[in-house]
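Asker: Just so you know, the sequences run in chain order X, P and Y.
Using my numbering, the letters of the first sequence correspond one by one to residues 2 to 323.
Using my numbering, the letters of the second sequence correspond one by one to residues 2 to 334.
Using my numbering, the letters of the third sequence correspond one by one to residues 86 to 541.
Do not take every clue at face value.
[Stated by the list, open to error] 30 Å max Cα-Cα, derived DSBU-like pairs, lysine-lysine:
hint, chain 1, residue 1, chain 2, residue 2
1, X, 34, Y, 483
2, Y, 483, Y, 178
3, Y, 512, Y, 483
4, Y, 417, X, 34
5, Y, 513, Y, 483
6, Y, 329, Y, 417
[Said to hold, decoys possible] Far from chain Y, by Cβ distances over 10 Å, these chain X residues were calculated:
hint, residue
7, 120
8, 149
9, 173
10, 178
11, 204
12, 212
13, 250
14, 252
15, 289
16, 290
Quick caveat, the hints were computed from the structure, so don't treat them as lab data.
Note that the Cβ used here is the ideal one computed from N, Cα and C, for glycine as well.
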Amino acid sequence: MARGVRSGFGWQLVPWLGALAVAVFVVQFVGRKAVADPGQFLITGLNGLTLGGLYFLVASGFTLIFGVMRVVNLAHGGFYLLGGYLGWSIFRETGSWALAAVGAAVAICAIGVTVQQLVLRRIQGQDMREALVTIGVSIIIADLIIAFWGGAFVDIGRPVALDGTVRMLGEAYPAYRLFVLLVAIAVGLGLWLLLHRTRAGMIVRAAVDDRHMVSALGVNVELLYVGVFALGALLAGFSGVMGGSLLSLSPGEDGRYLLVSLVVVILGGMGSLGGAVLSAAAVGLVEQYAAVYDPTYSVLYTFVLMVIVLALRPRGLFGREA
Amino acid sequence: MSVGWVRRHGVAIVILGLAVVFPFVVSEFWVVQIGISSLWLAIVAMSLTFLASYGGMISLAQTALYGVAGYAMAILTVENGVNPWLAILVALLLTVAVGAVLGTVAARTYGIYFLMITLAYGVFAYYFANQARQITGGHGGINGVLAPSIGGISLLDRTNLYFAALLAAVLCYLGLRYLVRTPFGIALQGVRDDPLRMSALGFNVPLYRILAFVAGAFVAGVGGVFAVWYNVRISPGSIDLTRTVDVLVVSVIGGLYRLEGAFVGAVAFTLLSNYANEFTDRYNMLIGVIFLVVLLLSPGGLLGMWEQFVRRFRTFVTRLKTRDGGREAREKG
Amino acid sequence: MQKVSWEREPGKEETLTQSETHRRHGWVRTGAILALAAVAAFAVACGGGGGQEGGGEEPVKIGLLATLDGPFAAFGEEAYRGAKLALLEHGGKLEGTAPRDGVSGAEVAGRPIELSYESSDGTPDVALEAMRRLVEQEGVDIAVGPLSGDEGLAIKDYAKTQPDVTFLNGTSAAVQTTLEDPAPNFFRFTTDGAQWMAGLGPYVYEELGYRRVATLAEDYSYPYSQVGAFQLQFCDAGGEVTEKIWVPLGTKDYASFIQQIPEDIDALYVALGGSDTVNFVKQYDEFTGGEVPIIAGSSTIDQSTLQQLGDRMVGVPSAAPVGGALDTEGWKEFADAYTENFPDALPAPSLFAWGYYVNMKAALQGLAEAEGDLSGSHETYNEALSNLTLESPTGPIKLDENRQAIAPNYVFEVAKRDGTLVNEPVKKIDEVDQTLGLGVEEYRSLAPYERDFTCR
């Protein structure tokens with residue numbers, strides 16, 4: 002489609018040349034900085050990758066839901082934050098981090114299924130309306146959090162076993178950050194196996210390509226949708242606890258993680274797992290390097306990255322025609 | 002002005018009449034916080050409604066665009082002492098220029114992708130306003146942006162500002178209505194419904210979408226000028242994510258497929274935000290629930306609901322009439 | 086191609102015949118007129134209020150503005166608690182412990198006090214709208230608030246347009262609010278962000294022996310004033326601020342900012358707020374081992390934040406007008422009243438509870454001294470406020486000619502008492518004025534507090 006409507010413009014090359022110029026500048030700038038202080042460069046890179054791990058955890062559920070259902074779940078950030086707060090409460094009551102992670106994931110999964118059944122099912126297939134409805138859901142969730150937790154910020158804290166540092170590159174590096182990265186890799190692999198090595202995954206992949214055909218082949222699409230939405234919400238709730246232990250949680254964080262998910266998923270191409278992996282890492286790295294090399298405007302760089310990519314590839318790096 | 006003209010535009014005349022009488026029957030507080038507030042919000046929301054209903058583009062960048070105009074006004078008048086009328090001109094031109102650049106990048110994306118790239122614009126604008134302290138004054142923004150005088154009529158007077166906003170709103174509304182009936186507007190609706198076919202017919206599809214986005218930017222800019230006079234200041238908090246969602250809520254509640262919806266939505270929203278806390282502590286929850294219910298029940302928003310209701314009621318009345326008629330006929334026979 | 090198709094109901098409008106369209110619009114028209122008439126009637130009904138009459142038994146309306154939405158929501162709850170405690174001293178009774186639960190029965194100079202609440206989300210625009218509702222809709226005589234600095238600047242400007250109402254600050258602490266172009270009817274019985282740093286620089290130089298300090302703070306005006314005032318006094322004492330790291334608002338992951346902290350320093354001055362402090366300290370310890378000691382800003386380790394930080398903070402110095410373990414008689418009474426009335430709140434009142442308490446107390450005490458006289462443009466009352474010496478929990482507070490508080494300030498160190506972390510006073514500085522003792526001329530001639538503020 003993108004190719005079709007572009008007919009009038011003869012200057013497709015312009016954005017690519019622009020991007021090339023930007024790329025050359027960035028590479029030589031970062032390269033000089035790297036040579037000047039290689040230790041800082043490497044640690045910052047690791048910071049970026051570990052933060053990217055958290056971003057992937059959050060965004061994976063989002064991209065899964067979109068890929069299969071074409072639903073842009075703008076309440077995903079709300080699910081994340083609510084999961085984190087629930088996890089904090091469970092952690093306070095029981096003292097068990099694992100229980101908090103599981104409890105929050107299951108609770109958000111249940112809430113997700115409820116939202117899907119009560120709200121989204123009624124307007125299935127009207128993608129823009131579904132997106133707007135989830136904004137309504139996110140407003141309600143944000144206010145629920147203030148109603149129950151009084152707007153206080155909370156910190157779940159590291160699981161005891163991971164509350165320390167590991168020697169890396171001659172420096173002490175927080176163990177929990179590496180744990181986040183490992184969990185992200187595990188979840189990524191798990192999702193890949195689920196999608197590529199199981200029958201359910203096969204159906205899901207087929208649905209990403211052509212939902213109508215899958216439904217015509219007699220697959221219970223309703224059930225598929227519930228399952229996928231449940232899994233997406235579960236991942237959001239779980240990453241809420243992961244994130245609430247890495248950083249802290251406060252009202253307003255829902256919007257932040259929604260944005261991160263959006264950027265990651267748009268960059269990678271909606272519905273593409275591989276794209277999400279790549280772009281989560283890219284966003285994490287860009288954020289951290291910008292924080293070191295241009296702190297004042299650091300928060301802007303991810304958006305610049307996103308606009309550049311979209312200008313070149315309107316459906317993201319690995320996006321497909323819908 | 003024939004009788005027919007009056008009859009055709011009856012609703013508009015009555016509503017406009019009420020809007021003119023409004024500041025003389027209510028307290029000054031209402032003129033400002035319901036009147037002016039609804040009007041500028043309606044202007045901004047109208048730009049979104051226009052893009053959504055005629056261009057098929059739900060844009061979350063409208064707050065960023067009114068921010069451009071608002072900041073330009075504040076910087077020019079407060080910090081550089083530029084003549085306010087020149088400032089308005091520059092502010093609107095700048096908004097249009099920024100709209101053209103943003104539109105050029107965004108116009109190649111459709112549907113949900115367009116929604117998200119414009120959301121990124123909105124958030125970018127917020128962070129930029131926060132960080133570019135030399136230009137925008139940072140987190141605290143720029144204070145003391147006062148409305149100017151037109152030939153001895155001071156817009157600092159609340160009633161005068163109300164009428165200026167009303168005039169601007171009406172002009173924006175008429176302008177957009179005119180625009181959608183020009184060949185450009187008709188082609189834009191074609192682009193909305195089937196870009197592929199329009200492209201095959203030789204229309205430059207991205208150009209139409211960019212131009213629509215620019216028109217929307219202009220209207221949002223007008224809203225921004227009044228917003229900054231209403232608030233007497235602008236800060237990143239004036240264009241943050243909450244405000245972005247507010248504008249969307251106004252458009253959706255009012256009805257995303259009619260320009261008039263923006264006014265209905267803005268009045269409803271302003272009344273709610275001022276009076277909801279008298280009966281609930283959970284104002285945001287209320288807004289969220291209303292937003293959800295409106296979306297689920299009627300894609301046309303409050304305006305659509307009203308029309309649906311009228312349609313049903315009319316059918317009901319007609320049915321009653323025919324039944325009575327039938328009975329009479331039977332009794333006679 | 087996905088098409089945005091739901092905005093219109095395809096085929097419905099188009100299939101109506103000409104006459105049907107006409108008739109339908111007829112109904113729309115009638116409805117619109119009725120709706121607007123209803124709105125207008127409602128407007129008249131609601132808009133009519135706000136009249137003020139004199140008279141002995143006439144209630145005094147006080148409006149309270151804090152933030153219950155947005156990033157400062159938790160602070161807003163503290164603010165409401167503090168303000169209500171002041172009303173309890175005048176015979177008020179709590180109707181509940183939730184933020185918007187009222188206080189009944191309070192009376193000053195024979196006039197009953199009527200309290201109304203408004204909340205903002207921390208942005209100046211919303212604060213202004215909320216204040217307009219209090220003043221122009223509820224018709225309050227006295228308004229107390231707001232909570233944050235940017236809101237304070239907005240309310241000060243608004244105060245100038247409402248000369249018949251008296252405004253008292255909440256906890257907003259922007260320096261300019263009272264230093265530049267003050268409003269004649271805006272009174273601030275709390276000190277500003279720069280005053281809150283008084284005494285910290287000399288203390289860490291002399292008592293703790295720090296010579297070279299780097300700073301890390303959020304990138305906006307309140308931390309500018311905190312860092313600036315600390316720097317000013319630290320330099321005067323003989324110290325040196327070697328590097329300043331500014332963290333953009335909205336930053337959560339501090340890993341890469343921690344990389345930028347120089348190594349050859351004696352201590353790191355940190356001015357962050359709430360959840361950011363928690364994020365920062367956690368990561369700071371992991372990355373650096375936390376060997377370089379921390380010096381904290383006023384709201385960095387406020388009572389509400391200290392809870393989340395744990396024993397690691399013991400010994401960290403900071404400066405503020407108030408702290409959990411103050412040992413003055415007034416503070417103990419205040420803290421006891423706080424715990425008694427709000428058992429589910431923090432272990433000790435925070436900066437925000439204190440600030441709203443002090444300003445509300447001043448509002449009521451001024452009213453008592455004016456014998457409830459709010460006639461005209463509150464001339465008697467404003468006069469009484471200007472001359473008031475408030476016996477506050479932290480010591481006596483009086484106002485300068487800009488109606489800005491001159492009050493004691495404390496240097497604290499975190500200590501653990503009975504299992505809870507508190508800020509324990511180690512030094513008291515009496516009568517800190519807005520210019521930190523430099524005099525208005527000298528103080529104004531220094532560059533305003535900005536990112537690149539330098540020593541004298």
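Asker: Now tell me, hint by hint, if it's right for this structure.
Answerer: Status of each hint after checking the structure:
| no. | hint | verdict |
| --- | --- | --- |
| 1 | 34/X to 483/Y | violated, 54 Å |
| 2 | 483/Y to 178/Y | holds, 28 Å |
| 3 | 512/Y to 483/Y | holds, 20 Å |
| 4 | 417/Y to 34/X | violated, 55 Å |
| 5 | 513/Y to 483/Y | holds, 17 Å |
| 6 | 329/Y to 417/Y | violated, 38 Å |
| 7 | 120 | holds, 15 Å |
| 8 | 149 | holds, 12 Å |
| 9 | 173 | violated, 6 Å |
| 10 | 178 | violated, 8 Å |
| 11 | 204 | holds, 22 Å |
| 12 | 212 | holds, 12 Å |
| 13 | 250 | violated, 7 Å |
| 14 | 252 | violated, 6 Å |
| 15 | 289 | violated, 4 Å |
| 16 | 290 | violated, 8 Å |
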